[in-house]
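Engineer: Position chain B relative to chain A; hints supplied.
Protein chains in written order, with the numbering used here: chain A, 66 to 959; chain B, 66 to 959.
Everything labelled a hint here was simulated from the structure, so no lab data went into it.
Nothing here was measured: the structure is a model prediction, and the numbers come from that model.
Some chain B residues close to chain A (C-beta under 10 Å, calculated; not the full set):
1. ASN700
2. SER707
3. ALA728
4. MET734
5. ARG820
6. GLN844
7. ALA845
8. VAL846
9. GLY880
10. SER883
11. LEU884
For every residue, glycine included, the Cβ atom is placed at its ideal position computed from N, Cα and C.
2 protein chains.
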Amino acid sequence: MKPIYFFDEGSGRNKKLLGGKGAGLIEMTRLGLPVPPGFTITTEVCTVYYDNNKKLPRNLMPQVKKNIQKIERKTGKEFGSLQNPLLVSVRSGAAISMPGMMDTILNLGLNDQTVIGLADASKNPRFAWDSYRRFVQLFGKVVFGIDDKQFDEVLQNAKRQQNVQQDHELSEQSLREIVSEYKSICQQYTGKLFPEDPYNQLALAIEAVFKSWMGERAVVYREKYKITKEIANGTAVSVVTMVFGNMGNDSVTGVIFTRNPSDGTRQIFGDYLVNAQGEDVVAGIRTPQPIDAMIKELPATYQQLMKTCEKLEKHFKEPQDIEFTVEKGRFYLLQTRAAKMNAAGMIKTSVDMLKERLISKERAILRLNPEDLDQLLHNTIDNEAAKNFNSLTKGIPASPGAASGKAIFDVKKAIQMGEEGVKVILVREETKPEDVPAFFASVGILTSRGGKTSHAAVVARGMGKPCIVGCNDMRIDYPGKKLLVDSKVVSEGEVITIDGSTGKVYVGEIPTVEPKLTDDFKTILGWAQKLKKLGIRANADTSQAAKLARIYGAEGIGLCRTERMFNARDRLPVFVEMIMAKTVTERKEVLEKLRLLQKEDFKEILRIMEGYHVTIRLLDPPLHEFLPNIEELINKIHLLESKGSSDELTASQRFLQRAKDLAEVNPMMGHRGVRVGITYPEIYEMQIRAICEAAAELTSENINNIHPQIMVPQVGSVSELDYIKKIYQNIKSDIEARSGIKLKINFGTMLEVVRACLTSDELAKVAEFFSFGTNDLTQAVFSFSREDVEGKFLPEYIEKEIIKENPFESLDSKGVGSLMQIAISKGRSVKPDLEIGICGEHGGDPRSVKFCHKAGLTYVSASSHRVPIAILAAAQVALEKQMKIPKTRPGHKK
Amino acid sequence: MKPIYFFDEGSGRNKKLLGGKGAGLIEMTRLGLPVPPGFTITTEVCTVYYDNNKKLPRNLMPQVKKNIQKIERKTGKEFGSLQNPLLVSVRSGAAISMPGMMDTILNLGLNDQTVIGLADASKNPRFAWDSYRRFVQLFGKVVFGIDDKQFDEVLQNAKRQQNVQQDHELSEQSLREIVSEYKSICQQYTGKLFPEDPYNQLALAIEAVFKSWMGERAVVYREKYKITKEIANGTAVSVVTMVFGNMGNDSVTGVIFTRNPSDGTRQIFGDYLVNAQGEDVVAGIRTPQPIDAMIKELPATYQQLMKTCEKLEKHFKEPQDIEFTVEKGRFYLLQTRAAKMNAAGMIKTSVDMLKERLISKERAILRLNPEDLDQLLHNTIDNEAAKNFNSLTKGIPASPGAASGKAIFDVKKAIQMGEEGVKVILVREETKPEDVPAFFASVGILTSRGGKTSHAAVVARGMGKPCIVGCNDMRIDYPGKKLLVDSKVVSEGEVITIDGSTGKVYVGEIPTVEPKLTDDFKTILGWAQKLKKLGIRANADTSQAAKLARIYGAEGIGLCRTERMFNARDRLPVFVEMIMAKTVTERKEVLEKLRLLQKEDFKEILRIMEGYHVTIRLLDPPLHEFLPNIEELINKIHLLESKGSSDELTASQRFLQRAKDLAEVNPMMGHRGVRVGITYPEIYEMQIRAICEAAAELTSENINNIHPQIMVPQVGSVSELDYIKKIYQNIKSDIEARSGIKLKINFGTMLEVVRACLTSDELAKVAEFFSFGTNDLTQAVFSFSREDVEGKFLPEYIEKEIIKENPFESLDSKGVGSLMQIAISKGRSVKPDLEIGICGEHGGDPRSVKFCHKAGLTYVSASSHRVPIAILAAAQVALEKQMKIPKTRPGHKK
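Bound-form chain A, shown alone (with noise of 0.2 Å):
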């Protein structure tokens, strides 16, 4: 095991070895870019780090310093100098780009001997004393673990003492005070003093971001865009030479991407200041100039800017998010990685980059993310209803989609209330990473300060959430609970509104639209359509998202569930009446109001989806939840009663009798589905009776392309199914021999109960199709409720890692698949060719996608607005399978 590489040594290939950011600056001194001096310690080490309780290796520190003496060798500098003084950072980087969820330390080797050495080799004592703040700062809450706020005063107070507005404003002798009294805020908190010697301060910042790895912000990073340990397994730590952006108005730092990340356009898109350290970029702290002044104001640096990008954009075939710094005139780069881009951008770049000839179709289709097309698919504002607003502010548009929310200015408070279901638009005056948990319980994040490449704006884009930055003349009073545009005051919990592809904010509640797909969305859409094996249908209960899902490309719908039909405000009585009528005669004379409902519903959803089939799911849930809830009524009936009887009264106290009746301890696995279709039969028969009925008038109209399917849900056994089937079969007859027409319908199953599972070899001799329901199917597998279980242990139990992921969002492949496995098996022994799908919320997740195609299925079904990222998935991974290289079996030569 080799602990550490330099800069020069090894391959930048291995970020699983060397951490992103080490990989990077590897591969750039590779590529002869100028990089400053340093070297990597591998992740390898952060995993012995943690299998040896949290100390380091007794022979790293040793190897550190032959690596230091190295860089003192290339830079002429020395670590702990008094004359020229070796500055390094101390940076972390693991497999996986998480921003700002781990700790750096800069301006390392400062003490307080070296600080004059630093002070006469810069010719610039402020810069000096401002790079040791810094440091102790820095030193003093990632090492030691102090709160920023106590640093913070600090440093408000000199201003205010010397009357400043910026820190760059403050002098020397303010700055030398100003360390002095960081230094006795770490020795208060630590009981220690500041730790001087340079070996000591790195051999304490390597183990802080080994820690940091653990920490709280990382961990919560990691569980939510499921980063494993097979993924990434610790962080590197880079030590990299010092180069100053602060060394005066020749200095400058800057942060860019070499493709804007919100559209993907191909333009430097980024921010820099000039005399700052890239810290202050990207906390957000002051307000940087966009890239494009640069043109401008430093065209020479401008240009190498652009020659660097282009080379980087060669080599990785990547768009890049690039550090930089200039000091005094010289140019460095600080690191590279693949730029995080919104889904547009993702799209467009794919689509451009092709047309560049970097990369190949497979690469194009392979480099998205398919779970990121769901922010092309969120609503926008509706710019007619938008006419009535007028917005209340402007501020830096940084992630693009429209939403409207309650404004909270408490991270907690937003935290709490998203999770109660609450709409929350999250106003801050900046961001930082401990605030990332509210961020995934708001629905947009609105900010006062930052740019594009600040904090907030990086999370939010990530997240495709709207977001909104550097809205400066809105001032947020935290105790007042209250923000203020000049004399205009948005208290907490008002709506807002916020438009992030315009920056524009809004009080009250805007009404949104559908997106739009861009030409470039459709290029990839058509390019993923042709290279998928998998089919693709929707889960579509109306016209509308039947529509909806033929745009988005869906063939098909492989769940419609006709119950949702009922829930229609002008059904549910009816539905209600059935359920509470005191015969079969009564009950199916209101089924006969709800069959010529149904039947329009069919006919119209069957015309939409011409030429492709489209599978009606018979009722399926029990019929209490169709009917009021037993406590409210026992309320209602208590209250009435005091009030002396009526009519009302007796009417509540009826329903209640019958959702007693009707009442189950554990309605998941009770009186539903085929259950209900066969002891109220009449059910089934008005539903089937439309759909063939439909069927046979649609013939009749001479649309002839249409391919209804019966699906029957909660079968567990042979016999209910044939129960049904024949219960089906005799109404076909009937209204074939009515219509003279002879309807093609399939008839099937869910595969939903466990014993269907197991027992598929038998329903495939009577059924011409299955459909997995996953849903159902993990509640039954796991013995959870997913009413019950989401709020209750389940958080708990992923917080633990007893599970590693919500299983009702990501398909459980070891057990759950594993069902699914044995059944696609005996039923296809049975009928090799039988059409097996999954419909279900599993249908939409790309990983569940990817794993049905391994499966064998015939297709999925998600539903409408996630077609496109199930045909994605579906396309990466008919790719994934034709891109491995098939094994030759040696020795077996015939």
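Structural biologist: Then chain B, alone, in the frame of chain A:
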């Protein structure tokens, strides 16, 4: 297909083809025993009849005619003859005896002409007209479906007019008039003349017998006794020459068992009637004489009977149930079949017949029905307590065992109350086959008429339910809803106690005592224990149950449910206090109290089970199960509110709040078992500590041969088990360190979540044993909530044959069983010798036990009182496997 077998054709071994009755008659004919000539129409014809839309096959009646002609040749009588008419009985008989469930017609061949021939030939016109009367009544009832009441009224009127008590006291003239009135009833009912042609009568009778196969009584009986189509598919019809037990005082009819069916004693047991037909005995209309009376009254017949019994037992190697008739001194056998005996009888005869060298030990075991042992494990009256009660009356003890219940005189009411869970004693003058459903619903049966072979007695014995018959001094006033014994009155709903072993009836509830095992029982159990391969353990939660388990032969405890310990009256408040605790600290304090109680419980049980494994399951049910019902709380709060505020109101509101917090939509799949153990670790910690401490303390008391096993419920993934195992290991180490005792405890998991079965290879790495929880597994595999389905759609499912039998009673081998096999094979792939058991109610179901043996389980665990049943079933399946002759594979010589 040969549709008809004459009694001297074919083999009497083929019961499936010939039915039990036909096969018996054929076999007896082959043995040279005196059987009246006749023939049997096969069960295959019955199947054809149903396949043929309930029409007799065309070629049947011509074949019947040929066989009738053969009878005519043998008897010298002639069908329809005016001189010497042949009369036949038409009898049902399926492969499995279903006593009284199907129809029989006697004296067929009589009409207005032949009756005169019969009168002449028998020189007994009264007899001829009495036979004709019986024939018309039976024909009217069976073929036309006319209610018996109509005929009874005519008969009772005639007896009143003639001023006689008994049927046989009626004069010829009176009988002529009765026949005429009977025929009017038939004509009025059918609108046609009564059929006079004997062949026409015969065809109608054969069809009526076939029809009775699907009669409601027969269908219910087959369902209850699980007689599937594979076991018996239709009834055969035997047509037998009539012989007459009512031809004067030298004629007799009787029904006997070759051994006493109540206790198995080797003595002829039964009744006979002089000058009567068999119907009179079975229907209990006349109280017959016990068979012993025959020794004096008809010594020659008695001798013939004894010899016949011996011959039949030697041939069939089973005690027989025989119908015989003596016609004018000539002895005839009309039926033989294996005697239905209660469990005590079966066990004694098994032991006796082995001693008599009639059967082998294997046959002695295999002939027993394990389920029947349940009868012997029923309670009997506590004689000490009975001293305080004077018996109300005494009848004939017809089925042993004691029971207390509400006296109910109406069949429907008994069914209704029984299904509601009320203990009911059915009290009737006599019972009929259509009353059988009430038998199922009652805990005991009491009749005022009939003998030991009356309907009530036979059925009750078959069910192992206490029964007293022939309680002559008891008068039942149906309209007045009361019974009277002299001046004493018992009204409907009053509790009575019957002792089926003594025949005594008591008013009030007398305590009962656990049954004691007879020596024969112990002998059988001993053989079975040696023969079986499968381990048998008990589900026992208390020291009482553990003691009983050992007496019954259990080899350890497979399931000790710790939560049942919390349900004790003195503990529930403490447990509720724990649930209501506001902090972890508070909860831990309460748990301390419970720990001490549980530790003592464990010590006691481990002590009783010294030498055996004791598997203790950690808390399983969700916490809300221990709190008051929400609806009741709401109603209580409304009540308390109307009275104004109070402490009780506050307490109730607190309970309601907590109950609501904990409430779940589907508690079955909710926050329970290991999920509670992980989220409230202090509960499992307490239980694990109590187990470890109990083991340590017993060891320090020099009780060393103890084998506690800790079992975790509801496990679905290996991480859950890992999590609890760590807790367990810490506690174990702690107690080992404190006590200086090395604890031998196994740690294992339930397999009751589907996912556990699918990932059992992973679990096997962490668990030292598995135990299937087939109750929960059945729920999950079917998605059936046991608490709901049994009261909702499951009965309808079983009725509609969608499910063959309740999967909660007998293991569903196709679904649940195949999942178990997956789990066993995956688990053993990791640990080949892994202990795998099953706990849950299936452990006491013989068929499930047999499945478990075949699936290779280590043991089954059954509730204590079903342990002997499991032992016997396990021995049988071991024998069944042994007795299969291994196939020699042809063409594979080496």
